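**Student:** What follows is each chain in one-letter form.
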Amino acid sequence: MKRFQITTDPLSVDDVTARAAHPAAGAVTTFVGLARGETDGREVRYLEYEAYPDMAERQMRQIGDEIRDRWPTILETAIVHRIGRLQIGQVIVVIAVSSAHRQDVFSATHYAIDRLKQIVPIWKKEVFTDGEEWRSEGVDEQGHGS
Amino acid sequence: MKRFQITTDPLSVDDVTARAAHPAAGAVTTFVGLARGETDGREVRYLEYEAYPDMAERQMRQIGDEIRDRWPTILETAIVHRIGRLQIGQVIVVIAVSSAHRQDVFSATHYAIDRLKQIVPIWKKEVFTDGEEWRSEGVDEQGHGS
Amino acid sequence: MGENEHIRVRVKFFAAPREALGTDEMEIEIPAGSTVRDLIDRLRREHPVLDSYTRFLSVAVNRAYVGMGTELRDGDVVACLPPVGGG
Amino acid sequence: MGENEHIRVRVKFFAAPREALGTDEMEIEIPAGSTVRDLIDRLRREHPVLDSYTRFLSVAVNRAYVGMGTELRDGDVVACLPPVGGG
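Heads up: the protein sequence lines correspond to chains F, D, U and Y, in order. Just so you know, the working numbering puts 11 at position 11 of the first sequence, and the rest follows in order with no gaps. Just so you know, the working numbering puts 31 at position 31 of the second sequence, and the rest follows in order with no gaps. Just so you know, the working numbering puts 29 at position 29 of the third sequence, and the rest follows in order with no gaps. Just so you know, the working numbering puts 18 at position 18 of the fourth sequence, and the rest follows in order with no gaps.
For the record, the hints were derived by calculation from the structure and aren't laboratory data. The structure displayed is predicted, hence computed values, not measured ones. Glycine included, each C-beta is placed from N, C-alpha and C at the ideal position. Hints are not guaranteed to be accurate.
As the list claims (entries may be wrong) - No more than 30 Å apart at the CA atoms, straight line, and that leaves these computed lysine-lysine pairs for BS3-like:
1. Lys2(F) <-> Lys12(Y)
2. Lys2(F) <-> Lys117(F)
3. Lys125(D) <-> Lys12(U)
4. Lys2(D) <-> Lys12(U)
5. Lys12(Y) <-> Lys125(F)
6. Lys125(F) <-> Lys2(F)
Unchecked claim - Derived DEER-like restraints, expressed as beta-carbon distance ranges:
7. Glu137(D) <-> Thr23(U): 46 to 56 Å
8. Asp40(D) <-> Arg68(F): 19 to 29 Å
9. Glu137(D) <-> Arg42(U): 22 to 32 Å
10. Arg10(U) <-> Pro23(F): 25 to 35 Å
11. Arg10(Y) <-> Gln118(F): 23 to 33 Å
12. Gln90(D) <-> Thr23(U): 47 to 57 Å
13. Arg63(Y) <-> Val127(D): 13 to 23 Å
14. Glu132(D) <-> Arg44(U): 19 to 29 Å
This is chain F alone, in the form it adopts within the complex (with noise of 0.2 Å):
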């Protein structure tokens, strides 16, 4: 079972959080994100996600080896994303962060989700009744920063 994977397949939770499985895990906190039917009041159909799976596999490795260096009670980090058309409501990514107690795991998992929307090469792709738009946080698609 890969720690850190891209993947067509349906996600789940339990799976992902069994792929951060420790011996002495107290407390696994779960990052889920979901395909959204909306937009800046547009309403979007579904979702198509492309990556370059080598790298973005890569990327997420060194999200883990990053948590472990900034918060060492962190035991172990697993990151799944679903590539392909999502639809809405679907799971896109998971998340999972363990820990013998809790007090790190929130703070840790926050930070894997931001790093993932900065340096994980995946691209997000909006499909409209009226059209269809690649989405970046904060760039839209002709590369304007919003």
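For chain F, the structure is supplied; the task is to place chains D, U and Y on it using the hints.
**Tutor:** Below, chains D, U and Y without anything else, positioned relative to chain F:
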């Protein structure tokens, strides 16, 4: 599907995530508590959880209300806690909090588990090879603070 | 109510005090006007084994936490709650 | 290496620029000693459709982000990465 529940059945993170579903949700954070095999260096054989179920579900619902008051962006909260005998590594509790975006879900989920440990009538007994002990965070069996 | 009237309450026990007592519930008749504190004092007198647990005890009446001065009413369900340990 | 020596690199495209270009990969021969910037400038000249995407482009060589001044070597895999949008 109850959003706040005490159960003797095994827990699924996917199931509790689904209980916090909302049409506008784009982010769900979960907290998963696992039975640990060790306390203060002593080996734990298994755990026994006991609850006052009616009141526990009511208190968990109150935590959901408190979260909505504190973080108006939160859409739904679900909390399911297992009772009875739990083997090491099994899931004790799952909390799921949903929102349109990720900004407040981590704080709200952290708040939920902290509050659960304060105000929800559930008790844990650790069973060792050579004895057993009721455990509360910060107070031992005889009620002395630690 | 007259001076000699009594009410009946149901008392629930959990965890360590439940085990010490050997029962999870009892029916008790107490004078009308009794408070939670009166009830707890009576329980301690009649069941000295409860003594070591009462210091950190919280009490709920009809599933809501209450203070020790709360006056009890006929039919109340009183829960004796040792420090909780969920999660 | 002599002045006229060339190296071959594989260039990968994703998302909007991939769609604009109509292909996700090409092999390109460039002079030895070329940097990432030299390669991107060459691509812009030969494929003006890429122009609007290059401003915010990041580049990875062999799956690691690199700066524009990085010198390319024969066999490198160069990925042109528009702003990412995972999660």
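**Student:** Is it true that Asp40(D) and Arg68(F) lie within 19 to 29 Å of each other by Cβ?
**Tutor:** This hint holds: roughly 25 Å between Cβ atoms.
**Student:** So the hint says 23 to 33 Å: do the beta-carbon atoms of Arg10(Y) and Gln118(F) match that?
**Tutor:** Because 26 Å falls inside the window, the suggested range holds.
**Student:** Taking the beta carbons of Glu137(D) and Arg42(U), is their distance inside 22 to 32 Å?
**Tutor:** Holds - the Cβ-Cβ distance for Glu137(D) and Arg42(U), about 30 Å, lies within 22 to 32 Å.
**Student:** Compare the distance between the alpha carbons of Lys125(F) and Lys2(F) with 30 Å, and conclude whether the hinted pair is satisfied.
**Tutor:** holds, 26 Å
**Student:** Measuring from beta carbon to beta carbon, are Glu137(D) and Thr23(U) in 46 to 56 Å?
**Tutor:** violated, 27 Å
**Student:** Has the given pair, Lys2(F) with Lys12(Y), been kept, meaning a C-alpha gap of at most 30 Å?
**Tutor:** Measuring from Cα to Cα gives roughly 25 Å; hence the hint holds.
**Student:** I want to verify a distance hint. Is the separation of the beta carbons of Arg10(U) and Pro23(F) within 25 to 35 Å?
**Tutor:** violated, 44 Å
**Student:** Between Arg63(Y) and Val127(D), does the beta-carbon spacing fit 13 to 23 Å?
**Tutor:** violated, 50 Å
**Student:** Need the status of pair Lys2(D), Lys12(U): alpha-carbon distance at most 30 Å?
**Tutor:** The given pair, whose Cα atoms are some 25 Å apart, holds under the 30 Å limit.
**Student:** For the pair supplied as a hint, Lys125(D) and Lys12(U), is the alpha-carbon distance within the 30 Å limit?
**Tutor:** Holds, because 18 Å separates the two Cα atoms, which is no more than 30 Å.
**Student:** Can you let me know if the beta-carbon spacing of Glu132(D) and Arg44(U) is within 19 to 29 Å?
**Tutor:** holds, 24 Å
**Student:** Mind checking the alpha carbons of Lys12(Y) and Lys125(F) for me, to see if they're no more than 30 Å apart?
**Tutor:** holds, 18 Å
Against the hints set out earlier in the document, violations occur for numbers 7, 10, 12 and 13.
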